[in-house]
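Number of protein chains: 2
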Amino acid sequence: MKVLVVGANGGVSRQFADLVKTNEQIEEVAAIRNMDQTPFFTERGIQTVYQDLTKHTQEDIEAIIKDNAIDSVIFSAGAGGSGDDIVMMVDLDGAIKTMQATEAAGVKRFVIVSTFRTGRAEIEKNYIRVYTTGKTYADEWLKSRTKLDWTIVHPGLLQDIPGTGKITTVPQSDMIGVSRQDIARTLVSVLENDTTIGKEFEVVNGDTPIDEAIKAL
Amino acid sequence: MKVLVVGANGGVSRQFADLVKTNEQIEEVAAIRNMDQTPFFTERGIQTVYQDLTKHTQEDIEAIIKDNAIDSVIFSAGAGGSGDDIVMMVDLDGAIKTMQATEAAGVKRFVIVSTFRTGRAEIEKNYIRVYTTGKTYADEWLKSRTKLDWTIVHPGLLQDIPGTGKITTVPQSDMIGVSRQDIARTLVSVLENDTTIGKEFEVVNGDTPIDEAIKAL
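Each protein sequence line maps, in turn, to chains E and A.
Residues in the first sequence are numbered from 1 upward in steps of one, following our numbering.
Residues in the second sequence are numbered from 1001 upward in steps of one, following our numbering.
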C-alpha cells in the first residue's frame, strides 16, 4: 500500500516515517513543502514529493496522487501557530482540496488527523477557536460531502515523549495527553484495519495495546 | 413579515433599512454589534437588537429570533478588512451558527448575501482567497446541510452610487459593478418572491427592472 502523507514533516508524521520505514505493507510517499526537509526522509528510504497546499491547485494534488500510484492518503498538515490565514487555507481549504483531489484521482482511503474535539460546543468555548473552526468544517466535509473511505483521528494533547504502545479510544471528559509516537502507531493500525472506515474517535494515553484498541472500534 | 437583518449596519443593509422603513409588508429587526449604531435605525422606526457573532452562542441567536417573532433572516454580515480570524468567525462560522439558530428557532426563510463568486476555481485564483474560502463553505453548508428555504445573492463589485432600479442576473464573464441600493432592492424583491427559494444568482448593474429580473429566476 502506497500512502501519501500530506504534512509529512510534522511531529506525528516524522514518527510515522520512523515506523513505516521498516513496514513491509506500507510504503510512504512524503509530501513536503520545504525541500530542505528531504534528507530526513531519504535517510529512511522514503520518497519525497514537493507539495504546498497554499500554492498547489486541486489538479496539482491529483497529479501527485496519480503519478505516484497512491492507494491511501493521510492528511496530517496543520497550521498551528502560523496565522489564521494559513488555518483557513491549510486546515480547512487545504484539507478539502486534498479530499477533492483524492476523489478525482480515484483513490478511496483517506485518514485525517483532526484536533481533539470539534463542533459547535467546542468552537463556542472560545479556546483556539479559529483552529477549531477550520478543523470542524474540514471533518464535516469529509463525512458529508465525499464518498471517501474516511477515518478521523482526534488526538489528545500531543506530547514529544516516547510512546507506551497503549492508548484508549474511550471518549474523555477532559483532554489528556498522548505521545506523538503512539498517534503515529495508531495511524499505522488504522491503515491496517479497514474496520476503521467511517469511524472517528479520540486517542489518548491509556491501557489498551494500540492494535487491540483499534480493532475493537 | 418580520425580518432579522444580521449585519444591519453594513453598506447594503443600511440601504435596505431605508427601503423597508415605509414597506407595509416587511418589518425589519436590525441586529447590530455596536449600540452606537442605534440612532440610524430608531430614526427610521426600526427596532434594534444587540448581536455579536464573535460572542453570541447559537442559543443566544436562537433566543433573539424567537423573542422577536422573526419570520425570515437576512445574513449580510461581513468581515471585510477586519482580519482573517474575523472572516473565519463571522463569514464562515458566524453564518453557519446563524443558520443553525434559525433552524432551531423553527424559522425557514434564510437569505444570504455572499460574494460575487465562490468555489474551488475562485479560491485558487488567489485573490482575497481567505474571504472567498469563508464565503464558499458558508454557502455550501446552507445548500447541503440545512433544510432552510434559502436564497443566495452574489453581488458584483459593490458601489456607493444611487441605484438605477435595473439589474441583470445573467452570469457575467467578469465582475462588474452594482449599486448597494440596487442590491438592497434585490433583497426586498427576494423576500417578496418565494420563487427565489433554493436559488442562487449573480446580481450586477443591468437593463431589467429588479422585480422583473427576480420573478424571472
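It should be emphasised that the hints constitute simulated quantities derived from the structure, not laboratory data.
Predicted model only: the values in this text are computed from it and were never measured.
Here a beta-carbon is modelled for each residue, glycine too, at the ideal position from N, C-alpha and C.
Please note: incorrect hints may appear among the correct ones.
[What the hints assert, rightly or not] Which chain E residues face chain A? A few, computed with CB under 7 Å, are given here:
1. Asp85
2. Asp93
3. Arg120
4. Val130
5. Tyr137
[Stated by the list, open to error] Computed spacing ranges between beta-carbons, pair by pair:
6. Glu1212(A) <-> Asn68(E): 49 to 57 Å
7. Met175(E) <-> Lys1166(A): 51 to 59 Å
8. Glu1212(A) <-> Lys143(E): 55 to 63 Å
9. Ala1063(A) <-> Glu192(E): 44 to 52 Å
10. Glu192(E) <-> Ala1104(A): 16 to 24 Å
11. Met175(E) <-> Ala1063(A): 23 to 31 Å
12. Asn193(E) <-> Met1175(A): 46 to 54 Å
13. Gly1106(A) <-> Gly119(E): 44 to 52 Å
14. Gln47(E) <-> Ser1082(A): 38 to 46 Å
15. Thr146(E) <-> Asp1174(A): 28 to 36 Å
16. Lys66(E) <-> Asp1174(A): 27 to 35 Å
17. Asp160(E) <-> Lys1143(A): 36 to 44 Å
18. Thr57(E) <-> Glu1043(A): 32 to 40 Å
19. Ile1197(A) <-> Gly45(E): 40 to 48 Å
Hint check:
1. Against a cut-off of 7 Å between C-beta atoms, the interface hint on Asp85(E) holds, since the closest Cβ of chain A lies about 4 Å away.
2. Of the supplied interface hints, the one on Asp93(E) holds, with its beta-carbon coming within about 5 Å of a beta-carbon of chain A, less than 7 Å.
3. The criterion of a C-beta within 7 Å of any C-beta in chain A is met by Arg120(E), whose closest approach is roughly 6 Å, and the hint holds.
4. With 7 Å as the threshold, the beta carbon of Val130(E) comes within range of chain A, its nearest partner Cβ sitting at about 5 Å, so the hint holds.
5. Contact between Tyr137(E) and chain A, as hinted, is supported at the beta carbon level, the nearest pair being about 6 Å apart and thus within 7 Å.
6. Between Glu1212(A) and Asn68(E) the C-beta distance comes to about 54 Å, which sits within the given range of 49 to 57 Å.
7. Between Met175(E) and Lys1166(A) the beta carbons are some 57 Å apart, a value that agrees with the proposed interval 51 to 59 Å.
8. About 42 Å separates the C-beta atoms of Glu1212(A) and Lys143(E), a value inconsistent with the hinted range of 55 to 63 Å.
9. Distance hint for Ala1063(A) and Glu192(E): a CB-CB separation of about 49 Å, consistent with the stated range 44 to 52 Å.
10. Judged by the Cβ atoms, the range 16 to 24 Å given for Glu192(E) and Ala1104(A) is violated: they are separated by roughly 41 Å.
11. For the pair Met175(E) and Ala1063(A), the supplied restraint of 23 to 31 Å holds, since their beta-carbon distance comes to about 30 Å.
12. Between Asn193(E) and Met1175(A) the CB atoms are about 49 Å apart, so this pair conforms to the stated range of 46 to 54 Å.
13. The hinted window of 44 to 52 Å between Gly1106(A) and Gly119(E) is violated, with their beta carbons roughly 22 Å apart.
14. Between Gln47(E) and Ser1082(A) the CB atoms are about 43 Å apart, so this pair conforms to the stated range of 38 to 46 Å.
15. As the Cβ distance of Thr146(E) to Asp1174(A) is approximately 32 Å, the hint placing it in 28 to 36 Å holds.
16. Lys66(E) and Asp1174(A) have their C-beta atoms about 33 Å apart, which keeps the hinted 27 to 35 Å range intact.
17. For the hinted restraint 36 to 44 Å between Asp160(E) and Lys1143(A), the CB-CB distance of approximately 42 Å keeps it satisfied.
18. Range check, Thr57(E) to Glu1043(A): Cβ separation about 50 Å, and the 32 to 40 Å hint is violated.
19. Roughly 58 Å separates the CB atoms of Ile1197(A) and Gly45(E), a value that falls outside the hinted 40 to 48 Å.
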